[in-house]
Amino acid sequence: MLKRILTGSLLLLLVSGTVHAQTYAFTGAHIIPVDGQEIENGTLVVRDGKIVSVGPAEVVEIPRRAQRHDVSGMVIMPGLVDTHSHIGEPSGGDRSAPMQPETRVLDSINPRDAGFQKAQAGGVTTANIMPGSGHLLSGQTLYVKYRDADVVDDLLILDEDGNWQGGIKMANGTNPRGNGPFPGTRAKAAALVRAEYIKAREYGDKKAKAAEAEEDPPPVNLGYEALLDAMSGKKVVHHHTHRHDDILTVLRLADEFGFRVVLQHVSDAWKVADEIAASGAWVSLISVDSPGGKLEAKDNHFKSGRMLEEAGAKVGFHTDDGITDSRFFFRQAALAVRAGMSREGALYGLTLAGAEMMDLGHQVGSLTPGKDADFIILSGDPLSVYTHVHETWIDGVRVYDRSNPDDRKFATGAYGASNDQVMHLHHIELEAGQ
Amino acid sequence: MSRTFLSVLAALFLLAPFASAQIAVKGEMVYTMAGDPIENGVVLIRDGKIERVGSFDVPDGYEVMEATVITPGLVDAHTVVGLAGYLNQPHDQDQVERSSPIQPELRAIDAYNPREVLVEWVRGFGVTTMHTGHGPGVLVSGQTMIVKTKGNDVQEAVINPSAMIAVTLGNGARASSGSPGTRSKMIAMLRGELLKAQNYDPEKGTDLRMAAFKAVLDGDMRMLITVERSYDILTTLRLAEEFDIDIVLDSAAEAYLVTDQIKAAGVPVITMPTMARHGGERANATMEAGMHLRDAGIPFALQSGFEAYVPKTRVILFEAAMAAANGLSFEEALATITIDAARILGVDHRVGSLEVGKDADIAMYDGDPFEYTTHAIGVIIDGEVVSTEVR
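If you read the sequences in order, they're chains L and U. Be aware that the first sequence starts at 58, since it is given in the numbering used here, and climbs by one per residue. Be aware that the second sequence starts at 42, since it is given in the numbering used here, and climbs by one per residue.
Simulated from the structure, these hints should not be mistaken for lab results. One thing to keep in mind: the hints can contain errors.
What the hints assert, rightly or not - Over 12 Å on every C-beta distance to chain L, these chain U residues come out as not near it, computed from the model:
1. Glu-92
2. Val-137
3. Ile-143
4. Asp-151
5. Asn-212
6. Ser-220
7. Thr-223
8. Phe-284
9. Ala-349
10. Asp-389
11. Val-397
Unchecked claim - One side only, chain L facing chain U, incomplete, derived with CB under 7 Å:
12. Lys-351
13. Leu-352
14. Gly-470
Just so you know, even glycine gets a beta-carbon here, dropped at the ideal spot from N, CA and C.
Take these sequences, add in the hints, and give me the full structure.
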């Protein structure tokens with residue numbers, strides 16, 4: 058009996074150890090830190106969910122108690138950052154209005170969606186989950202980590218004050234068009250956006266005046282609060298846009314209202330690369346395997362990455378999952394390289410660029426001491442079609458291991474691999490106990 | 042005016058030697074798909090046909106083209122490109138006619154646009170032959186054809202104008218209103234048509250619909266049956282057995298669950314694109330489909346398939362590349378888009394491999410064709426250089 062109790066507590070210690078206080082050292086890998094030169098024979102040390110050190114084998118000191126992983130012949134790089142995904146059946150506004158900034162993806166996510174496991178198998182660790190593009194403004198997006206999750210809280214990336222983080226989703230061009238109250242023309246779309254931002258600004262002014270006069274503030278307007286967050290720069294606007302003139306309209310509105318913007322999709326980016334670069338706006342690209350499929354994507358081209366890079370714009374990529382599957386996120390960078398983008402620029406675009414576009418660059422996106430231990434172990438070069446993700450780690454916890462058949466099925470697909478998943482059985486047992 | 046005329050004339054002269062002359066294509070590695078690959082190989086072309094293949098010095102009188110890797114022109118075993126256009130607007134979508142669930146009399150050649158942007162797009166990656174036509178989406182959508190991705194006149198490009206009759210079973214064939222509304226109804230309707238066709242006598246009056254089904258019963262055309270779920274695949278095999286008709290299973294996401302039955306029926310599979318989305322009836326699909334079919338000894342090829350949105354078409358080269366990363370060897374994957382596809386389509390006497398006497402259809406690459414960062418650098422169809430774009 059006593060022995061059994063002892064074994065039990067030992068187990069507990071071990072379990073808590075793996076989650077919170079474990080030190081790991083990965084040796085023999087080709088390391089791509091993204092924020093510096095690639096390292097031929099590198100060592101990565103992580104502890105308590107953070108990166109401790111990364112560098113050449115002869116330089117990095119491995120702590121005595123570290124659990125060693127020999128990953129010779131493998132490649133280690135930061136977990137991928139996807140600036141635009143729709144995993145987890147997210148929703149924002151309904152059909153009642155073209156701008157619904159008060160709606161939040163946070164309140165709609167299904168964290169058991171198998172898409173999360175597939176994305177882990179694709180090496181994606183951080184993502185911006187967005188509502189759709191059928192509105193001028195469809196709601197507030199959610200920045201997540203693809204941890205094993207049963208409840209949405211498991212996915213969140215909290216700021217220093219413990220608040221969840223996300224951006225604002227906007228769109229122009231043909232997608233938000235419709236019958237009233239949706240816009241019927243491009244000019245009407247821009248007019249509706251301007252009117253709403255101006256109202257939000259006036260609401261903000263009222264609030265400020267009331268505070269100054271120590272009077273009661275106006276009744277809270279959830280939508281205007283979100284727009285104020287956009288105009289103050291607290292929330293980044295992620296703006297669906299394709300056609301060259303629509304892209305310039307976004308830049309004009311961003312300039313007028315002072316919101317920070319990530320241009321999303323941007324099929325015609327290569328036509329207005331200089332204008333985009335001059336504006337300082339960020340760009341998140343998607344390439345599809347053939348032009349068209351919708352009128353605005355008829356000139357979508359692999360060369361956008363190269364031309365934006367040459368123009369000096371900051372370029373990232375996204376999956377738009379399910380437009381492209383998160384398991385093929387590497388292709389986005391690789392196809393850009395095929396059309397002339399630099400390897401460094403493309404790998405930066407898959408990782409740190411996206412993190413910076415989500416104001417998470419201090420925390421994820423590169424293998425930098427002090428950052429979160431979010432990294433992936435690859436069988437080969439990230440830009441080769443033959444390369445597989447072998448392991449995916451988030452916050453120092455391995456969430457995907459290709460050598461485990463239960464994980465591998467999410468990489469290849471299998472019977473039942475698209476069904477909702479239950480990651481932590483103890484939650485179920487707890488519920489059953491209640 | 043005269044200057045324009047002169048330019049055109051000059052262009053003609055420049056193109057002329059390429060078009061009619063003998064061409065020697067040299068490759069550091071030549072995958073003939075008829076035996077081992079040839080290091081430092083040469084393919085000689087004369088009069089649109091392959092004259093000689095091997096490792097030898099190029100004789101005098103040949104225009105020389107060089108590439109790192111040479112393969113046969115790629116064969117897309119199933120697509121809707123040319124009937125489906127890239128703009129995805131009503132005016133360029135001719136792959137499905139929804140006025141009736143059963144219209145086998147609709148011919149692909151009457152709807153194919155050889156100047157379609159997507160035709161040029163896939164050709165630039167090395168695709169020289171396509172099995173295209175009416176797509177999935179209604180029970181019997183129409184006919185398919187086999188066509189070269191060249192020229193501006195379908196008559197000149199077509200290899201087989203009436204290849205197969207496109208049938209869809211399962212959710213994809215469910216009518217939004219009316220019949221068929223259930224799986225049982227789909228099969229009942231098909232059986233009814235085939236039974237009627239058994240007694241079709243053209244002398245009593247031509248019926249295009251019956252004539253098409255009769256061609257299937259007589260073995261002159263095959264049915265291309267798009268089906269995903271395992272139990273629908275078994276239903277399909279039951280139907281084929283009842284009427285003793287030749288079929289090809291198309292897409293077949295869950296084929297890996299019923300390989301024994303497919304093998305026993307002797308039916309080939311044109312399997313779904315490797316990167317197709319795993320949702321709906323394809324929720325249980327696997328990227329290792331090819332591996333399972335290979336292990337079972339079932340003939341199979343890859344397809345670019347049908348896409349309703351973006352991308353409007355997949356590129357067979359990319360799908361084969363992903364298959365090579367998921368259980369198939371390089372040459373097995375290449376075979377799924379060359380010789381194996383040609384065999385299943387019944388056009389391997391003309392295309393699919395680099396052998397003497399076959400059509401001079403060749404794709405050139407500056408590296409491993411499957412690698413993301415390799416480029417297609419040249420394409421030849423029937424001895425004519427149709428693309429030298431680096432893509």
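Identify every previously stated hint that the structure contradicts and give their numbers, smallest first. 9
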